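Protein sequence lines correspond, in order, to chains A and B. The first sequence runs contiguously to residue 268 in my numbering. The second sequence runs contiguously to residue 278 in my numbering.
No lab work stands behind these hints: they were computed from the structure. This list has only true hints and no planted wrong ones.
Sample of chain B residues lacking proximity to chain A, with all beta carbon distances greater than 12 Å (derived):
1. Leu60
2. Leu135
3. Ala137
4. Phe142
5. Gly184
6. Pro197
Beta-carbon label-pair distances, calculated as ranges:
7. Asp159(A) to Arg11(B): 17 to 27 Å
8. Thr240(B) to Gln126(A): 12 to 22 Å
9. Glu54(A) to Gly95(B): 32 to 42 Å
10. Gly46(A) to Leu68(B): 39 to 49 Å
11. Leu107(B) to Phe128(A): 27 to 37 Å
12. Leu58(A) to Arg192(B): 53 to 63 Å
13. Arg11(B) to Met102(A): 18 to 28 Å
14. Arg8(B) to Asp159(A): 15 to 25 Å
15. Glu101(A) to Arg11(B): 19 to 29 Å
16. Leu58(A) to Arg124(B): 14 to 24 Å
17. Arg192(B) to Leu47(A): 45 to 55 Å
18. Glu54(A) to Ala243(B): 33 to 43 Å
19. Ile251(A) to Ser26(B): 34 to 44 Å
Computed from a predicted structure; not experimentally measured. For glycine and all other residues, C-beta sits at the position ideal for the given N, C-alpha and C.
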Amino acid sequence: MTPRRSALFWPQMAFTIAVCSFLVLPVVLSMTAGLSVNWQRGPAGGLTFHWIAEVWALYAETVARSLAIALACLAGDLLLGVPLAYVLARHPCRRTRLIEEMIMLPVAVPGLATALALIILYGSLQGFRSSSLFILVGHVLFTLPFMVRSVLAVLSALDIQTLEEGAASLGAGPLRRLATVILPNARPGILAGSLMVVTLSIGEFNMTWMLHTPLTQTLPVGLADAYASMRLEIASAYTVVFLLMIVPLLIVMQLAAPGSSNQSKGKR
Amino acid sequence: MSGSVLGRDHRILVVLLGAPAVTVFSAFWLLPMARLAVFAGTGPSGWNAYLAVLTHPQYLESLISTVLLSVAVTAATLGIGGVTGFFLSRNEFRGRSALVGMLTLPLAFPGVVVGFMVILLAGRQGLIGLLTQALGAGKLVFAYSMGGLFLGYLYFSIPRVLLTVMAAAEKLDPALEEAARSLGASPARVLRDVLLPGLKPALIGAGALCFATAMGAFGTAFTLATRISVLPMTIYTEFTLYADMASAAAMSIVLGAVTWAALALARNATGASVAAAA
Chain A
1 MTPRRSALFW PQMAFTIAVC SFLVLPVVLS MTAGLSVNWQ RGPAGGLTFH
51 WIAEVWALYA ETVARSLAIA LACLAGDLLL GVPLAYVLAR HPCRRTRLIE
101 EMIMLPVAVP GLATALALII LYGSLQGFRS SSLFILVGHV LFTLPFMVRS
151 VLAVLSALDI QTLEEGAASL GAGPLRRLAT VILPNARPGI LAGSLMVVTL
201 SIGEFNMTWM LHTPLTQTLP VGLADAYASM RLEIASAYTV VFLLMIVPLL
251 IVMQLAAPGS SNQSKGKR
Chain B
1 MSGSVLGRDH RILVVLLGAP AVTVFSAFWL LPMARLAVFA GTGPSGWNAY
51 LAVLTHPQYL ESLISTVLLS VAVTAATLGI GGVTGFFLSR NEFRGRSALV
101 GMLTLPLAFP GVVVGFMVIL LAGRQGLIGL LTQALGAGKL VFAYSMGGLF
151 LGYLYFSIPR VLLTVMAAAE KLDPALEEAA RSLGASPARV LRDVLLPGLK
201 PALIGAGALC FATAMGAFGT AFTLATRISV LPMTIYTEFT LYADMASAAA
251 MSIVLGAVTW AALALARNAT GASVAAAA
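One chain only, chain B, in its complex shape (with noise of 0.2 Å):
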């Protein structure tokens, strides 16, 4: 129907100015992607190599701690993007503006910087270890271990949930609240009865977008501890130090397949498009 007024001039044309972008994108990621889940099974243990992220002790291991940590990643960061957010799209006030910008600064900011962010606050010589050495209770150092990689993530997870919150709440009419509390309704039972499921499905997105961030994340991780095995660190030194490239393969489409699930929900729940760029 649409080519009816254009004809085929235009059906060619149509083609022409998709192919480049397709024959790109075959030939530089879905090849390799298709070479790389092959790859996986060429190891010694052949196709079981997918199987070893759930049975091989370490890899499990690692697995597990990355699961956790993402998970109370997102949920740290929905309830500080929740409140901040819902708070910004609520209230004018003077420098409300500058305030959302200095709050979605970080959004650009590779993994590494986040890392090195976190080593100024809680490195060796990074400030708060600096200030309880002032106040007599010993140098706190924390950024090297699990605490410093959480501090991280909320670091550059906090931003994206915040736009997401604000984005969801501008459109939430603010009437419903004015409603409910001229009914006599409690602040906690407004935020439980009308603005939670109001926000509940920017709210399952943003937590998925900031789950898939964190699973994948790897700057941070890189900057901050090379000791503490999240599962991108243990892809990443299974092929460049051991070179046991099959399992490398295995765990980085197994990876892959949970993040692209998270944000596929994402998607889901929000109905419209949400993009991860860790």
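Next up, chain A with everything else stripped away, as it sits in the complex (with noise of 0.2 Å):
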């Protein structure tokens, strides 16, 4: 038995699934026409790999530089991240309250305001200037606190000093306490914010656009190169190889997500 709709449950359902179309549609469009011979006659006059096959030509080294920097950027927040979330949790205060307020300043600050100043206090430093690595310390600071967040909000819901003085009790050391009792109760935390880091992390563009070099183009600085001198079947194939990429990201993302009522209840 359905339940009885309102007179305005049809109205709704028509605008919401136009709104839908309007965000889908657009990457409906770009899989077709990365995917058709040619896009002014559609998939009718016939479909092809050869668009996909030259992005990878020309644009191969950018799709592995950027999954190389989202697994560095990884292992960066985790091991950056992780600990810091550890102490904020631990310790609720005025002064890890401010640590906290202040690493999220580079996710309120648009990302070519730390672009500019990364470049302008750093830029001369040629080794490290023209290197991924002045990349990777962008992705870090943008990232880092996705990941701090993830497992405070984890760790937070726990009564973690309860726990950790019943392992002290029963004598435990602080090392094996965080890798005993800590570590394995901020899994989720960890899992989510790690998915979080690599799925943002492959995708920046805004800091990149600005730190990247010509020997050191990301996935999202080839799509703008792409979008602003390529045909538009080859733009689109590349749109498509991200889409691959970004896409199972956000569906595991989605089906690991520790429910969404209870990310909301975590406090902070």
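Need the complex rebuilt from these two chains, each delivered in its own frame; the hints are there to steer you.
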């Protein structure tokens, strides 16, 4: 038995579907254009992998670089962010609140500003400026808050002080407590944060456009290049390659999320 | 107090665990930003570079058009996201989660990709142009104008607002609406007296987030229109084309302060933190 719908149900449904089409239609268009022999004639003019192959020949390097930077960024965020999240969760006070606020700044301030600041202070260090490391630093700054928040939300929902004191009373030292009590409990947060960080790093453009050099192009930088100077079919095929990388991550993220209701219950 | 049971080892450990992140952040964000703020004052006009955003006609025009665009996008997105988000949180039907999934898909699209989506819709070879041409109305192309930017900003803003509204609507007790209805309130009155007040914090939060994201968005404008001077594009051209680095630095600091303030407002309104990833 279907519940009785209000008179407003179908108009609202139609509106929601219209909004959804606005968001999804261009994605479908880019897939069609990237796989069609000729965009003007559409899929009826024949389908081909020619454009995808062309993208691979032109831009494979940017895909590899983006993946490498994303993984390095994840490693950096795990090393810096997980320990920091523990400290913030374990000792909530004015000072740690301030640190939490501060590390959010690279997300609150446009990436362009952060990139200019990095260039002005460190741009003259040639070896650093011209390497992928320069981009990596920007990505770590931008993604760190997401890792910290994700882990913090999980840890704050637990009474980690009591857990730790229990372990301490049984004779576990500080490092042992971290490894056997804190980290296993933080795992869902670390997992969600990791997926988020990799997704954001692969797609980061605003900062990367300023930080890259012709020899350190990433995927989104290559996309901007293709949009400006390649035919529509190649630009579309490249977009398809990008979507193939990012959409599976998004789907896993939604499935692995510890329940959206659980997350919003986290106090912070 | 917290250290009483766990002792000095624990305190040392806490410092050691927090130090790496704080050090990296200080060296690569705080220090460069401080340098950028000072650098802005080293140009030919000195500290007046900060005022130039308001006094230099071209910069002022860019600031005004960016603010107007962001306000328009925020208003439109709140309307669209409010209606769809509330609808999705209050109704159960088959395919609902698939619909939510599709509506939040663009969340991880970088601005450049969003720009390209607009080109596919309204560009020189875009779908809208092909359709209007086929209908004999001439080719309608507006991707590379303010209209295209508006469409693009709408594209990346809707998913964010939608999620915020859905989360807030789920916490709002449907019994309130039913009570109002059973007492004879019209749908318009339920909206005005029950729903809008209940969703107000979420709408303010989502609106501020939307505004901040639109103000700082660079990728979409970069793909669509190098001629339209929204503030991030102006900063970019001053820095790269005219090498007026002091002005670019001053404008980035001003822009950063604006987006940060908008997000701080969002946080105070919702009581929870929100994150913007343009």
